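First to last, the sequence lines map onto chains L and X. Position 124 of the first sequence, counting from 1, maps to 124 under my numbering, and the rest follow consecutively. Position 224 of the second sequence, counting from 1, maps to 224 under my numbering, and the rest follow consecutively.
Watch out, some of these pointers could steer you wrong.
Dumping the calculated BS3-like pairs for lysine-lysine here, alpha-carbon to alpha-carbon at most 30 Å [said to hold, decoys possible]:
| no. | chain 1 | residue 1 | chain 2 | residue 2 |
| --- | --- | --- | --- | --- |
| 1 | L | K164 | X | K421 |
| 2 | X | K95 | L | K281 |
| 3 | X | K95 | X | K200 |
| 4 | L | K167 | X | K477 |
| 5 | X | K495 | L | K248 |
| 6 | X | K494 | L | K148 |
| 7 | X | K451 | L | K271 |
| 8 | X | K165 | X | K7 |
| 9 | X | K39 | L | K248 |
| 10 | L | K284 | X | K451 |
| 11 | X | K149 | L | K137 |
| 12 | L | K134 | X | K410 |
| 13 | X | K149 | L | K248 |
| 14 | X | K39 | X | K406 |
| 15 | L | K271 | X | K448 |
| 16 | L | K248 | X | K411 |
| 17 | X | K97 | X | K149 |
| 18 | L | K226 | L | K67 |
| 19 | X | K95 | L | K148 |
| 20 | L | K148 | X | K165 |
| 21 | X | K485 | X | K411 |
| 22 | L | K164 | X | K477 |
| 23 | X | K32 | X | K410 |
| 24 | X | K451 | X | K477 |
| 25 | L | K271 | X | K497 |
| 26 | L | K248 | L | K71 |
| 27 | X | K485 | X | K451 |
| 28 | X | K7 | L | K281 |
| 29 | X | K277 | X | K95 |
| 30 | L | K148 | X | K406 |
| 31 | X | K406 | X | K477 |
It is worth saying that the hints were derived from the structure and are not from the lab. Note that this is a predicted model, so its numbers are computed, not measured.
The chain contents come next:
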Amino acid sequence: MNRRDFFKKAFSLMAVAGISSITKSTPLFAAEKDSENIKTPDLIAVKNGTPEKMFDEGIKAFGGMEKFIRKGQTVVVKPNIAWIANPEGAADTNPALVKRIVEHCFGAGASRVYVFDHTCDDSITTYRVSGIEKAAKEARATVVQANKESYYQEVRVPGAHTLKNVKVHELILESDVFINVPILKHHGSTRMTCALKNLMGVVWDRGYYHRTDLERCIAEFPLYRKPDLTIVDAYNILTDGPRSRSLKDVVRKNMQLLSKDMVALDVASSKILGEEVENIKYIKIGHDLGIGNSNLEELNIKRITL
Amino acid sequence: MIKGNLKLLRVSFEIILFAFIIFSFFRFLPEKLKAITLKTQIIPLLISFLAEGFFLSLLLFVLFMLLTIIFGRIYCSFFCPLGGFQDILIRIKRKTKKITKFSYHKPLTLLKLTILIFAIISIISGSLYLIGYLDPYSFFGRIVNYLLKPAIVIINNSGELILRKANIYALHIMTLPTFNPLALTPFILILGTIIYFSLKRGRLYCNSICPLGTILGIFSIRSFYRIEIDKSSCTSCGICESVCKAECINSIDKTVDNSSCIRCFNCLNVCTFSAIKYKRPIKKKKTDNKKTQNLSRRNFLYSFFGILGFSGINLLLRNKKSPIKPYLPPPTPPGSINLEEYISKCTACYLCVNNCPTNVLQPSLFQYGLKGVFIPHMDFYSGYCSYDCIKCLEVCPTDAILPYTKEEKKKIQIGTVKFIKDFCVVYRNNTNCGACAEICPTAAVTMKPYKGLLLIPTTTPSFCIGCGACQNVCPAKPEKAIVVKTNIVHKEAKKPKRKRATQQKEIKEDFPF
């Protein structure tokens with residue numbers, strides 16, 4: 001724990017130093033960047049491409065996966081693999097996107113890349129039918145189960161009011177870099193599942209969430225750990241979810257969002273989904289807790305059209 | 001006479017089929033292959049034919065009977081997994097002890113016939129339970145469920161833990177089967193008998209208790225091919241008798257009791273003088289054959305009273321069952337049509353229990369009453385029936401769970417949803433939940449506006465298939481706020497009308513932010 005914290009701090013300090021050196025750097029350095037924003041964007045939105053292509057472009061705009069992963073680090077990629085559904089059903093994250101993310105992680109020098117989700121349906125079948133197990137393995141990722149309590153360890157959530165303690169998958173505790181890859185969907189009770197809601201898949205007792213103020217628990221979890229990067233898959237979105245019951249509910253939006261700020265991502269995603277931000281309670285709670293910023297006007301958004 | 005190394009043929013066949021039957025209880029094989037593997041088991045074929053009139057089952061059953069008439073009880077040594085289990089025990093004993101000698105014993109005709117008649121009477125009175133419980137395949141299934149599976153789970157899970165410590169995630173954690181002391185008692189008693197018999201007296205279980213062994217024995221008394229001793233070249237050295245697991249060779253009289261002989265062919269290879277052979281017998285004087293059928297008058301009377309006694313018990317059970325039950329039993333698996341049919345066909349082999357990916361199928365105790373004791377039931381506290389899964393329908397060897405297709409299964413309503421608002425988290429705590437609606441595969445449970453931003457479940461029971469997902473995930477404590485009410489007779493669920501697609505596909509819109 002201590003060592004990891006040290007590395008994280010050291011790394012973020014280095015990143016800050018790097019950014020500040022760029023901002024005050026010579027015109028020659030800035031001229032190399034064709035974009036008008038010299039600062040790294042807060043949120044990157046990409047559209048009109050395949051999930052892989054959109055990710056390639058999106059992560060490039062961030063300065064590559066190297067900005068997030070240093071050589072030899074372990075990475076955990078957490079897609080949404082909740083339901084037994086084909087990729088067309090849009091209930092689970094696009095497998096091709098997961099594969100491309102894993103490839104970028106290894107490209108940046110990651111020593112190991114883990115992929116898992118605490119599924120709602122039978123785990124082994126869901127991993128197989130979603131296509132994610134196969135895709136991730138093709139990119140040499142280690143696919144890990146999360147369907148038994150012994151994978152989880154109890155942690156304290158600092159500053160939480162409702163979710164004081166939570167059992168978290170051991171890989172979230174152990175891995176150096178945490179990448180969250182939700183798929184944007186309508187959700188029957190929280191109205192939308194995206195960046196923040198996707199993190200319910202790293203905890204054991206979801207019944208506790210449901211029993212004890214669902215939205216507040218969702219918003220409080222990142223007080224324990226925030227993903228280092230969140231990639232929202234809005235290529236195909238499900239307008240009557242979270243479970244895929246009919247292909248008629250799937251709409252192709254051809255979009256992808258990347259950011260470190262899950263609250264900002266959820267606000268932007270709610271607009272793609274066409275859901276009122278005020279109706280999604282966890283966004284406001286997350287903003288108030290300082291998990292992220294829900295005022296998109298205050299953010300530096302880079303929009304890329306392919 | 002049949003030439004070649006028959007023992008080698010028997011042993012290889014037995015090992016391969018035995019392995020396939022064991023694999024059928026685990027994830028290794030595709031379900032279709034499992035179903036084919038289990039088409040080799042006579043009692044399940046018989047039940048499938050008697051109850052469902054399936055022509056294929058009849059055909060295979062007749063085929064097995066013909067094989068028995070031609071070759072004798074080859075089922076017992078080639079096909080029977082419980083026989084394989086006993087052969088392993090006998091082999092272990094032979095390896096550990098220097099000498100294991102079997103010796104001739106008179107057949108236990110009285111006991112054999114009594115048990116068989118009990119079983120037949122119970123079939124006639126409409127219950128396949130006794131023959132199902134004593135069916136060697138089904139009993140072997142219980143051995144897998146209660147002995148082999150726990151052993152494999154423990155080894156697998158400790159291996160998984162060690163590998164995980166080394167960051168290797170190659171194994172999956174498996175779930176231990178549930179144990180109930182009451183269900184285990186008769187199982188352990190019979191298992192103890194089998195183990196004791198096989199270590200002391202070889203295949204005595206097959207020649208005393210097993211009703212299938214008795215039936216096949218009757219058919220093989222005069223099978224076309226029999227084990228015969230050539231009296232002129234036999235020296236009565238007794239070596240064949242000492243290796244005979246069925247204890248049916250009398251080396252002094254130089255006779256073989258072909259109704260007890262399980263056709264293991266161990267005797268053929270040991271005879272120095274080639275005096276013992278598997279061949280078509282030469283016509284002999286009638287007196288010789290008469291000896292094997294010793295159903296005396298006393299036996300007949302004994303059996304007769306046995307039948308009377310059993311019918312009495314059966315009638316009593318019937319009368320007990322008839323009044324309407326004060327509670328609803330748990331639902332039966334989709335494809336079992338109704339409770340009555342399911343109970344009458346299931347032999348509690350637990351193949352479905354071991355193949356169920358969500359562990360919703362669990363051995364019951366008295367949930368289905370005395371007649372359905374131990375057979376699997378749907379337990380929505382331990383799991384729920386996966387919408388896309390038809391594993392139990394595909395594997396069930398007795399067709400107690402009929403092999404409907406996936407699309408048909410998705411419409412079978414084994415129960416209907418019942419929402420109890422007073423227990424619901426939304427009503428009690430005024431916080432959102434929706435766990436039931438999110439997991440519902442059929443839109444039988446959806447959320448409707450309640451107070452402010454709150455949403456509360458609402459149900460349409462006619463859409464419900466009774467999969468129990470909502471009951472399983474409902475986080476309300478101590479009582480579940482949503483449960484499944486059993487349909488004793490399964491119905492067909494209605495499909496919800498779908499709204500038209502919300503928007504046209506493939507839209508090139510701009511970012512809405």
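Just to be careful, I want the Cα atoms of K451 (chain X) and K271 (chain L) compared with a cutoff of 30 Å; is the pair within it? Distance of about 24 Å is within 30 Å: holds.
Just to be careful, I want the Cα atoms of K165 (chain X) and K7 (chain X) compared with a cutoff of 30 Å; is the pair within it? Answer violated: K165 (chain X) to K7 (chain X) is near 47 Å, above 30 Å.
Given the hinted pair K39 (chain X) and K248 (chain L), is their Cα-Cα distance within 30 Å? violated (41 Å)
Hint consistency between K95 (chain X) and K200 (chain X) [alpha-carbon to alpha-carbon, up to 30 Å]: Within the cut-off at roughly 14 Å; holds.
Given pair status - K410 (chain X), K134 (chain L), alpha carbons within 30 Å: holds (27 Å)
For K485 (chain X) and K411 (chain X), compute the direct alpha-carbon distance and say whether it is at most 30 Å. holds (16 Å)
Would the hint linking K164 (chain L) and K421 (chain X) be met if the CA-CA limit is 30 Å? holds (28 Å)
Mind checking the alpha carbons of K149 (chain X) and K137 (chain L) for me, to see if they're no more than 30 Å apart? Cα-Cα ~29 Å, so holds.
Between K149 (chain X) and K248 (chain L), does the CA-CA distance stay at or below 30 Å? violated (43 Å)
Distance restraint between K167 (chain L) and K477 (chain X), which requires alpha-carbon spacing of 30 Å or less: holds (19 Å)
Would you mind confirming whether the straight-line C-alpha gap from K485 (chain X) to K451 (chain X) stays at or under 30 Å? holds (28 Å)
Are the Cα positions of K248 (chain L) and K71 (chain L) separated by 30 Å at most? violated (44 Å)
Hint check: violations occur at hints 2, 6, 8, 9, 13, 19, 26, 28 and 31; the rest are consistent with the structure.
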